[in-house]
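Colleague: Keeping their order, the protein sequence lines are chains A and B.
Using this note's numbering, the letters of the first sequence correspond one by one to residues -12 to 246.
Using this note's numbering, the letters of the second sequence correspond one by one to residues 4 to 333.
These are computed hints drawn from the structure, not numbers from a lab.
Here are some chain B residues the structure puts well away from chain A; computed CB gaps all over 12 Å:
id, residue
1, Thr19
2, Asp210
3, Arg237
4, His252
The list that follows gives simulated cross-link-like pairs (lysine-lysine, DSSO-like), each with its CA atoms no further than 30 Å apart:
id, chain 1, residue 1, chain 2, residue 2
5, B, Lys230, B, Lys161
6, A, Lys98, A, Lys144
7, B, Lys161, B, Lys34
8, B, Lys34, B, Lys230
9, B, Lys161, A, Lys144
10, A, Lys144, B, Lys137
Computed list of chain B residues with no C-beta within reach of chain A, every gap over 10 Å:
id, residue
11, His11
12, His63
13, Asp119
Idealized CB from N, CA, C, for every residue including glycine.
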Amino acid sequence: MRPDRLRVIGGSALLGLAFLFLWQALVGVQPAGRGIPGPLAVAATAVQMLAHPFYNNGPNDKGIGLQLAASLGRLGIGWVVASVVAIMGGVVLGLSPTLYRAVNPYVQVLKPISPLAWMPLFLHTINDSSQSAILVLLMSSLWPTLANPAFGVATIKRDYLNVAAILQLSWWRRLVTVILPAAAPAIVAGLRISIGSAWVAIVAAEMLIGGTGIGYFVWNEWNNLALTSVIFAILAIGVIGVLLDAALGRLSRRLAYTE
Amino acid sequence: MSYLEIDHVTKLFPATEGPGEVCVFRDVNFKIEQGEFLTMVGHSGCGKSTLLNIIAGLEHPSAGGVVLEGREIRQPGMDRMVVFQNFSLMPWMTVFDNIRLAVRAAHPAWRRAVVDQFVQRYVDMVGLRGAERKRPAALSGGMRQRVGLARAFSTEPKVLLLDEPFAQIDALTRGVIQDELVRMWTASRSTVFMVTHDVDEAIVLSDRVALMTSGPEARLAGLVDVKLPRPRSRAELLDEPEYLRLRAHILRFLVASARPPPRRPLPGSRRGHRKLFRSYEGGERWTEEQRWRRFAVPASRAGSPTKIWARRSGRRTRPISPRRSMGSTG
Chain A
-12 MRPDRLRVIG
-2 GSALLGLAFL
8 FLWQALVGVQ
18 PAGRGIPGPL
28 AVAATAVQML
38 AHPFYNNGPN
48 DKGIGLQLAA
58 SLGRLGIGWV
68 VASVVAIMGG
78 VVLGLSPTLY
88 RAVNPYVQVL
98 KPISPLAWMP
108 LFLHTINDSS
118 QSAILVLLMS
128 SLWPTLANPA
138 FGVATIKRDY
148 LNVAAILQLS
158 WWRRLVTVIL
168 PAAAPAIVAG
178 LRISIGSAWV
188 AIVAAEMLIG
198 GTGIGYFVWN
208 EWNNLALTSV
218 IFAILAIGVI
228 GVLLDAALGR
238 LSRRLAYTE
Chain B
4 MSYLEIDHVT
14 KLFPATEGPG
24 EVCVFRDVNF
34 KIEQGEFLTM
44 VGHSGCGKST
54 LLNIIAGLEH
64 PSAGGVVLEG
74 REIRQPGMDR
84 MVVFQNFSLM
94 PWMTVFDNIR
104 LAVRAAHPAW
114 RRAVVDQFVQ
124 RYVDMVGLRG
134 AERKRPAALS
144 GGMRQRVGLA
154 RAFSTEPKVL
164 LLDEPFAQID
174 ALTRGVIQDE
184 LVRMWTASRS
194 TVFMVTHDVD
204 EAIVLSDRVA
214 LMTSGPEARL
224 AGLVDVKLPR
234 PRSRAELLDE
244 PEYLRLRAHI
254 LRFLVASARP
264 PPRRPLPGSR
274 RGHRKLFRSY
284 EGGERWTEEQ
294 RWRRFAVPAS
304 RAGSPTKIWA
314 RRSGRRTRPI
324 SPRRSMGSTG
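Turn these sequences into a full structure, and let the hints guide you.
Modeller: Here is the structure:
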């Protein structure tokens, strides 16, 4: 291991420890009744929860593993569907500058809308809270993904397309062997952004719909005044987010190319 | 009737600013025989790469046409393969897959094993055995162009179009790869049209050399026969009087035909000047088309043909009525 890397890891550990000590120290001086539990209490809860992550004692008492699995399941469906739609749409937009310019104003208006704002409409039309949450996720990851494939396809070097033209590749082979691989780094960058925003949106969406999921778990534990569980759930959300991003980071390294 | 006829080809580009067209070259007319190696020499900007793209079918002539075996060329085809100056290999594919893409395109019905065997033959032919699984970024310029040559030859094209193929290769490697090119061309007996501004390269490789005057409005100045026996060795040629005579002849022509590009301030003078300045400083990269458009003369003054089909490279062709192209000058 290189020495600068050691220093970084050491620094990180030191900062983390300092934060935990400060936190624990501040727990003692909090006003009674409004205090936040310290790291030791959270750690005790964490051990307890991680010992039985998948227990199921009825609708309001499930293990954190089950809750996370429910959230990831929703994320999987919503994000994958959104990604497929957005990549196809983005490639089409990237191939046609005119269409891109025509569609762009609408995308720009739709992009800044919080995906949660769509929730009432979804609830009203499909009458199912769980499917509505999936649609919210879909909305949250559709727009960030749409722009990137379009950009990636629109900026493919003319040379590659010339080679494809000279070799008279069919449109399908041109898509699979030239256009998609050339745009792959840009596409994966878009997927990486969208899975992050979907994971952000899911917590809020599940707080609204209730039932299962990590967002619902946070709200439920707040209603139980179990703040140690809330804090642990917050940490779990962060860790899962990092893992999702790392997985796509690996994918992007595999698909990257140097010219 | 000749094998490949360049029949009175003229190329105009629409101007960058304002109306009108720029004429890159006008009325270029010559024929290439089957199995011949013809090289076009000229200053940069005489439109020789544009002409090569027209033969490839990637661009369209503004007037005239190119005829291969009695049929007019209108689009790219497997009978003509291009070797590009910047190699144009797919960077996400290995050496093997780059060549394989071409072989599969040439022989869609072949089974996988047959294709792979065929690809391997061309990999071996250019001495890249052992580097098949590498990506182009891991190779030197010379090795990359070997892949480019293997890719082009592997489709067994009737016509091979070489667009300054050795310009980005260091001088020592260049000779080796040129010899490989001659070897592969001799074995395949395909017809070659090459574009270069390296006079020695042109003489060593070619049967005939076509000379272009400087642009804008470049013209074909003449065709020079290279009557040197093959196989030619660089070392022996250096003492060959005929080689020296040809070399002097072509160089003298190029020096005489060199003229600086016109530097007229563009409409909206100050902005135009700045743009011009920037481009000469090399601060901005211009495509050939953009460079040309800057020398625009309004259509009314340029005396351009009243009926032209203005075509832009890279776009689907679209006729522009003479009224529209002339009308906006006032």
